[in-house]
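Starting from the known structure of chain A, fit chain B onto it as the hints suggest.
There are 2 protein chains.
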Amino acid sequence: MSELRKDPIVDRWVIIAAERGRRPTDFEAPEPTIPEAACPLCEGNERMTPPEIWALRPGGSMADEPGWQVRVVPNKFPALRVEGRLNRRGEGIFDLMDGIGAHEVIVESPRHTWRMADGPPEMVDRVLETYQLRLVDLYRDQRLRYCVIFRNYGTEAGASLSHPHSQIMAIPVVPRRVKGKLNAARDYFERKERCIFCDVLAQELSMRDRIVIENEHFVAFAPFASRFPFELAIYPRQHSHDFTAMSPEARASLAGVLHRCLAYLRPALGSPSYNYIVNVAPNPTPRPGKPYYWSTLQFDYHWHIEILPQVTRIAGFEWGTGFYINPVAPEDAADFLRNVMAQDARHTSSAEVISGDQ
Amino acid sequence: MSELRKDPIVDRWVIIAAERGRRPTDFEAPEPTIPEAACPLCEGNERMTPPEIWALRPGGSMADEPGWQVRVVPNKFPALRVEGRLNRRGEGIFDLMDGIGAHEVIVESPRHTWRMADGPPEMVDRVLETYQLRLVDLYRDQRLRYCVIFRNYGTEAGASLSHPHSQIMAIPVVPRRVKGKLNAARDYFERKERCIFCDVLAQELSMRDRIVIENEHFVAFAPFASRFPFELAIYPRQHSHDFTAMSPEARASLAGVLHRCLAYLRPALGSPSYNYIVNVAPNPTPRPGKPYYWSTLQFDYHWHIEILPQVTRIAGFEWGTGFYINPVAPEDAADFLRNVMAQDARHTSSAEVISGDQ
Numbered sequence: 052m053s054e055l056r057k058d059p060i061v062d063r064w065v066i067i068a069a070e071r072g073r074r075p076t077d078f079e080a081p082e083p084t085i086p087e088a089a090c091p092l093c094e095g096n097e098r099m100t101p102p103e104i105w106a107l108r109p110g111g112s113m114a115d116e117p118g119w120q121v122r123v124v125p126n127k128f129p130a131l132r133v134e135g136r137l138n139r140r141g142e143g144i145f146d147l148m149d150g151i152g153a154h155e156v157i158v159e160s161p162r163h164t165w166r167m168a169d170g171p172p173e174m175v176d177r178v179l180e181t182y183q184l185r186l187v188d189l190y191r192d193q194r195l196r197y198c199v200i201f202r203n204y205g206t207e208a209g210a211s212l213s214h215p216h217s218q219i220m221a222i223p224v225v226p227r228r229v230k231g232k233l234n235a236a237r238d239y240f241e242r243k244e245r246c247i248f249c250d251v252l253a254q255e256l257s258m259r260d261r262i263v264i265e266n267e268h269f270v271a272f273a274p275f276a277s278r279f280p281f282e283l284a285i286y287p288r289q290h291s292h293d294f295t296a297m298s299p300e301a302r303a304s305l306a307g308v309l310h311r312c313l314a315y316l317r318p319a320l321g322s323p324s325y326n327y328i329v330n331v332a333p334n335p336t337p338r339p340g341k342p343y344y345w346s347t348l349q350f351d352y353h354w355h356i357e358i359l360p361q362v363t364r365i366a367g368f369e370w371g372t373g374f375y376i377n378p379v380a381p382e383d384a385a386d387f388l389r390n391v392m393a394q395d396a397r398h399t400s401s402a403e404v405i406s407g408d409q
Numbered sequence: 052m053s054e055l056r057k058d059p060i061v062d063r064w065v066i067i068a069a070e071r072g073r074r075p076t077d078f079e080a081p082e083p084t085i086p087e088a089a090c091p092l093c094e095g096n097e098r099m100t101p102p103e104i105w106a107l108r109p110g111g112s113m114a115d116e117p118g119w120q121v122r123v124v125p126n127k128f129p130a131l132r133v134e135g136r137l138n139r140r141g142e143g144i145f146d147l148m149d150g151i152g153a154h155e156v157i158v159e160s161p162r163h164t165w166r167m168a169d170g171p172p173e174m175v176d177r178v179l180e181t182y183q184l185r186l187v188d189l190y191r192d193q194r195l196r197y198c199v200i201f202r203n204y205g206t207e208a209g210a211s212l213s214h215p216h217s218q219i220m221a222i223p224v225v226p227r228r229v230k231g232k233l234n235a236a237r238d239y240f241e242r243k244e245r246c247i248f249c250d251v252l253a254q255e256l257s258m259r260d261r262i263v264i265e266n267e268h269f270v271a272f273a274p275f276a277s278r279f280p281f282e283l284a285i286y287p288r289q290h291s292h293d294f295t296a297m298s299p300e301a302r303a304s305l306a307g308v309l310h311r312c313l314a315y316l317r318p319a320l321g322s323p324s325y326n327y328i329v330n331v332a333p334n335p336t337p338r339p340g341k342p343y344y345w346s347t348l349q350f351d352y353h354w355h356i357e358i359l360p361q362v363t364r365i366a367g368f369e370w371g372t373g374f375y376i377n378p379v380a381p382e383d384a385a386d387f388l389r390n391v392m393a394q395d396a397r398h399t400s401s402a403e404v405i406s407g408d409q
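Protein sequences appear in the order of chains A and B.
Numbering-wise, the first sequence is residues 52 to 409 according to this note's numbering.
Numbering-wise, the second sequence is residues 52 to 409 according to this note's numbering.
Chain A extracted, bound-state conformation (with noise of 0.2 angstroms):
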């Protein structure tokens, strides 16, 4: 069983996930590469995996058989698992509870080699609506406060596997990080009665230079204050506080917008290593004893994706003060990514507009 252990200094929380009976210094033995044929996530591999959680067979074929196009499984080396109770406890001026939680990986598709950025969108979309849908599921457990959705593509992001794949972990409580961006859209709301998301999307649609695509649904634009050099973000143009909540419509735009985003990362930075962040609200389940905000919070967040390429390293200055240095200004990321876009317009559907300041 792991451990979730807080920082008592700052609040930071730590999941200690020590596997008993390995040494410390096994974990630095490098990942083996996978063959293709022994891929645990490959069609016709799914008993490699724990028993399949949900799986999309428009053949109506069976359980962890073949015939799906997407298929959500528990992680083999869960960091949390969900049987137990949160055991809170102290040790000293210490505080921890059990690694109660959830981990699972949504495999996007049976072939090894396929690539978010090659597309189609409609393979996007149906890994979107995946995620709607275990969302919606894993926010009926209310010990779970918290799900984050992510994509690490690439060993530089953290994958481990090459076969496509995003992960979903729901964790017990509310990190520390989410509350600052919660907390900042419900003071800039109090102050404004308006969401400090749409007032930043407002003023970069008016500046218009950091802007990257956009249409109906959907504005993909690289941050004001980018960490990374071609940062980008993806937000509704619509406020909505609840991801579940996107149409099919909309969801087919995003997973457009997306697609593309990725796709033209490739000739600006060669096939870069990335990890995407699907930032949704807290579960917005009422807990007895807790004001009422807990459940009205909810409405002044706006949801949004970060896609973060990392083509850098997080050094000593960064871990020292939590600023970052960035090489690439976002404006002449966003510069870049235009003018490549502008030039394979043959793939540009009508309903899209790439942005310029021209």
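If you're looking for bench data, these hints aren't it; they were derived computationally from the structure.
Quick caveat: nothing in here was measured; it's all calculated off a predicted structure.
Take the hints with a grain of salt, since some may be wrong.
Heads up, the list lumps identical chains together, so a pair's fine if it works in one copy or across two of them.
To be verified - Using 27 angstroms as the maximum straight-line C-alpha spacing, the simulated BS3-like pairs for lysine-lysine come out as follows: (1) K127 with K57; (2) K243 with K57; (3) K243 with K232; (4) K230 with K57; (5) K57 with K232.
What follows is chain B alone, placed relative to chain A:
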């Protein structure tokens, strides 16, 4: 001129250090490996760096000539520059200022192949004394609100030159991450009239299972909520907010502890990349119009060193939540290090005690 930009939602500062005339993709070219003869930090190549700021020259040699033991030069590609004014301003909803600050390189040895983990502690002591001298000097500039002293060792930790060196960056704001620690220390002191760092140290010393090494002045331990495998912290045993007030005697004993921590990470992790950070208090100079606690806040703080081996990757979960997943329990890491040290006891001086719960 680089820019400091603040994220409008989470109050995170970013340094946009784009050099003019570079294309946005240029930075991805890997650093060429520099042969020793062409290393700008080596003795004999002093003319390859900007003019030196300070050097330890026991034989009294000339500035920017050979004959030094430790040498401090401005970073040739500084993220921040000392000249100019902050020029704080807004662009609509966004806040930014010019990239004012200092960015210095502390060349720790004239020898290209010296490793801090090799010692002897006397050479580490000279480096620590240099940190003290530079900190005193930089804090004379009231624009510089905070200094971070750090060492990046190995490519995984962001080092781009292999010649032994540390860096010191002085910035015009107190970072949010540092404020988090300062506020925690102040709040705890107001509630308990005790230092939170002293209490954490007392707790660790009473539990003993995470203590790695201690002497009269310092204690090194694997923190309860370690983010990384074999993460270590070094706290002065006596409460002190002021790194520059450390006596030469205490500094010599810190040099011994620091050197040994780095030396014993090698059998544990096979010469890992690591960052260490000397966490010092902000510049205590009172500023006009600021409340008096700007100059008293410091006394609650307790300076300390963090050693962060970089053997795991930061991935989407960490970016999305600020949580970390650590596959090695700090108790196991400490136990491993104590055992290696005990086997190597011939290097233990009589003044030092290898900790253990035996």
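Item to check | Hints breached by this structure | outcome: none
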